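Engineer: The chain contents come next:
Protein chains: 4
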Amino acid sequence: MEKILALLKSRGVSKQDIIECVYFLQKQYHDSLTSEKIIYYVDSVLNKREVKNAIYTGIALDVAVEKKILDNKELEAIISNDDGLYGVDEVLAYGICNLYGSIALTNFGYIDKMKPGIIGKLNRAEHTSACHTFLDDIVGAIAAAAASKLAHDKE
Amino acid sequence: MEKILALLKSRGVSKQDIIECVYFLQKQYHDSLTSEKIIYYVDSVLNKREVKNAIYTGIALDVAVEKKILDNKELEAIISNDDGLYGVDEVLAYGICNLYGSIALTNFGYIDKMKPGIIGKLNRAEHTSACHTFLDDIVGAIAAAAASKLAHDKE
Amino acid sequence: MEKILALLKSRGVSKQDIIECVYFLQKQYHDSLTSEKIIYYVDSVLNKREVKNAIYTGIALDVAVEKKILDNKELEAIISNDDGLYGVDEVLAYGICNLYGSIALTNFGYIDKMKPGIIGKLNRAEHTSACHTFLDDIVGAIAAAAASKLAHDKE
Amino acid sequence: MEKILALLKSRGVSKQDIIECVYFLQKQYHDSLTSEKIIYYVDSVLNKREVKNAIYTGIALDVAVEKKILDNKELEAIISNDDGLYGVDEVLAYGICNLYGSIALTNFGYIDKMKPGIIGKLNRAEHTSACHTFLDDIVGAIAAAAASKLAHDKE
Numbered sequence: 001m002e003k004i005l006a007l008l009k010s011r012g013v014s015k016q017d018i019i020e021c022v023y024f025l026q027k028q029y030h031d032s033l034t035s036e037k038i039i040y041y042v043d044s045v046l047n048k049r050e051v052k053n054a055i056y057t058g059i060a061l062d063v064a065v066e067k068k069i070l071d072n073k074e075l076e077a078i079i080s081n082d083d084g085l086y087g088v089d090e091v092l093a094y095g096i097c098n099l100y101g102s103i104a105l106t107n108f109g110y111i112d113k114m115k116p117g118i119i120g121k122l123n124r125a126e127h128t129s130a131c132h133t134f135l136d137d138i139v140g141a142i143a144a145a146a147a148s149k150l151a152h153d154k155e
Numbered sequence: 001m002e003k004i005l006a007l008l009k010s011r012g013v014s015k016q017d018i019i020e021c022v023y024f025l026q027k028q029y030h031d032s033l034t035s036e037k038i039i040y041y042v043d044s045v046l047n048k049r050e051v052k053n054a055i056y057t058g059i060a061l062d063v064a065v066e067k068k069i070l071d072n073k074e075l076e077a078i079i080s081n082d083d084g085l086y087g088v089d090e091v092l093a094y095g096i097c098n099l100y101g102s103i104a105l106t107n108f109g110y111i112d113k114m115k116p117g118i119i120g121k122l123n124r125a126e127h128t129s130a131c132h133t134f135l136d137d138i139v140g141a142i143a144a145a146a147a148s149k150l151a152h153d154k155e
Numbered sequence: 001m002e003k004i005l006a007l008l009k010s011r012g013v014s015k016q017d018i019i020e021c022v023y024f025l026q027k028q029y030h031d032s033l034t035s036e037k038i039i040y041y042v043d044s045v046l047n048k049r050e051v052k053n054a055i056y057t058g059i060a061l062d063v064a065v066e067k068k069i070l071d072n073k074e075l076e077a078i079i080s081n082d083d084g085l086y087g088v089d090e091v092l093a094y095g096i097c098n099l100y101g102s103i104a105l106t107n108f109g110y111i112d113k114m115k116p117g118i119i120g121k122l123n124r125a126e127h128t129s130a131c132h133t134f135l136d137d138i139v140g141a142i143a144a145a146a147a148s149k150l151a152h153d154k155e
Numbered sequence: 001m002e003k004i005l006a007l008l009k010s011r012g013v014s015k016q017d018i019i020e021c022v023y024f025l026q027k028q029y030h031d032s033l034t035s036e037k038i039i040y041y042v043d044s045v046l047n048k049r050e051v052k053n054a055i056y057t058g059i060a061l062d063v064a065v066e067k068k069i070l071d072n073k074e075l076e077a078i079i080s081n082d083d084g085l086y087g088v089d090e091v092l093a094y095g096i097c098n099l100y101g102s103i104a105l106t107n108f109g110y111i112d113k114m115k116p117g118i119i120g121k122l123n124r125a126e127h128t129s130a131c132h133t134f135l136d137d138i139v140g141a142i143a144a145a146a147a148s149k150l151a152h153d154k155e
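Chains as they are written, first to last, in my numbering: chain Z, 1 to 155; chain C, 1 to 155; chain W, 1 to 155; chain R, 1 to 155.
If we strip away everything but chain Z, and leave its shape as in the complex, we get (with noise of 0.2 Å):
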């Protein structure tokens, strides 16, 4: 998991970042909810294969786009604009969503409209230089997956 958290973090996301994206859906739900017990969560999400191969491929799209290297150049254009109709980063992060069901599903779709902490600080960095695409659903896809197994083991 070191690799996973060492590439987030050369992108712009510290585990604190999707630690407090987690608090955010989370918090009306809980008495007490401190970061030591999200973080299980977190990590749990983070370690398993089909998610790590989803923020692999979301950010090596992200990063070809910024570096200018695809083919594409029509393609390269909607990525880098992060055009609303664009869809396939959705895609992707509901791949990540639908491995913890429903609630998951749900929260995404929140946390996507909200953009609180980092998702919304991914969303508004100058799209000329960086490309932060596929990131930001991938962050808001992990915080949504790690705040659904909470609530479904709170019970």
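These aren't lab readings, by the way, just hints derived from the structure by calculation.
Everything numeric in this text was worked out from a predicted model, so none of it was measured.
Treat each hint with caution, since some may be false.
Heads up, the list lumps identical chains together, so a pair's fine if it works in one copy or across two of them.
Stated by the list, open to error - Pairs of lysine-lysine, DSS-like flavour, derived with a Cα cap of 25 Å: (1) Lys48 x Lys9; (2) Lys68 x Lys52; (3) Lys27 x Lys68; (4) Lys37 x Lys67; (5) Lys52 x Lys73; (6) Lys73 x Lys15; (7) Lys48 x Lys67; (8) Lys73 x Lys27.
Guided by the hints, dock chains C, W and R onto chain Z, whose structure is given.
Structural biologist: For chains C, W and R alone, coordinates are given in the frame of chain Z:
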């Protein structure tokens, strides 16, 4: 489509209620968004066979729970209480949203948390007499689907 | 889990039937694949809350259709005839498969067309007396999910 | 649509190849199923924005892996070898199928295992020179989607 509208009406949901949910989701992206325009998209969603089947099935379950005619009394209690971790109501809703792409799913997650208009009303209804566990998600899904189609057509 | 196994048994499906479906999906990838090994994965799938809820709900619909107690007689006829375009039975099945990743979905599509063992038997059952429209897809989804988990653990 | 057909052609897939995959999926349900009839449905699928974006993105990843230009060399190896547990290629394919309902998903699972025509050819291609990890699933998804739309229209 008259039949499906009559069924929704008999369960407390008018076409105008759904239009208001679509408006809630789309107002910020349009300068002038009229009911007339939204109606076209709501009708289009309600006319789709798989959407109709999901509506019929979800409402049939709500009604069966109200009438207490299911064999499985434990399941009846779970649905009657709208247990947050039940999940099958959202699965049916996603069956509708998926037909309209990833934006519909995101819209659904958002509206399901915000519970505007009729969705909040259904959700707050007295659980001892009425059961709207499937219906509130179905209405959210119809609105999310119509809003997604509207967004795609706008461009 | 005893309760869910008893319910499946009462509808004509034994644990051994499910094991054979998993074997059908995985035999070509393993030199020696025993029932003992497969049982672990079937149990694991059947113990998951969202899986249980999908099973309970699908069977409740099958039983309600058999007993002819649904208000909506048109829906009752569609489910009773296992109309190929109904689709809600598969939506419920995907609610199970999605939890086990994309390989589970592919496995489901394959087993749903091939209809080995108990799935074919349920599918061919006399529609006038029994209704297994949801059950055959649910059994396929359980087997597809268990096979997917087995494949992921093998590596 | 000429652009997407040209792109597919440049990767070894003709419209006729896709038509044959649809025929494979639907022949048993029709007395007389002609290429002319199938073309309408293939065109309709290929004209959908979200389908186009999934095709563009999947092929961009295949090409980037062939050219060895991705930063993440581990991911490059996983995609290049078409690792059965990678899963993101299927996630993209489901992003297409979901738009066409649950029957499209079942069709995809079946065709992905049977690998008729072009799908088998892409799958057997020498992995050292060409990468079709995303393309074979994308072609399967286009065919599954077109077959599902054809089945719905038939009734």
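Engineer: Look at each hint and say if it fits the structure.
Structural biologist: Hints and how they fare:
1. Lys48 x Lys9: Within. Shortest intra-copy distance 18 Å satisfies the 25 Å Cα cut-off; inter-copy 33 Å does not.
2. Lys68 x Lys52: both (24 Å within a copy, 20 Å between copies)
3. Lys27 x Lys68: neither (40 Å within a copy, 35 Å between copies)
4. Lys37 x Lys67: neither (38 Å within a copy, 42 Å between copies)
5. Lys52 x Lys73: between (27 Å within a copy, 14 Å between copies)
6. Lys73 x Lys15: between (33 Å within a copy, 24 Å between copies)
7. Lys48 x Lys67: The answer is neither: 28 Å in one copy and 28 Å across copies each exceed 25 Å.
8. Lys73 x Lys27: neither (43 Å within a copy, 32 Å between copies)
The structure fails hints 3, 4, 7 and 8 (numbered hints given earlier, in ascending order).
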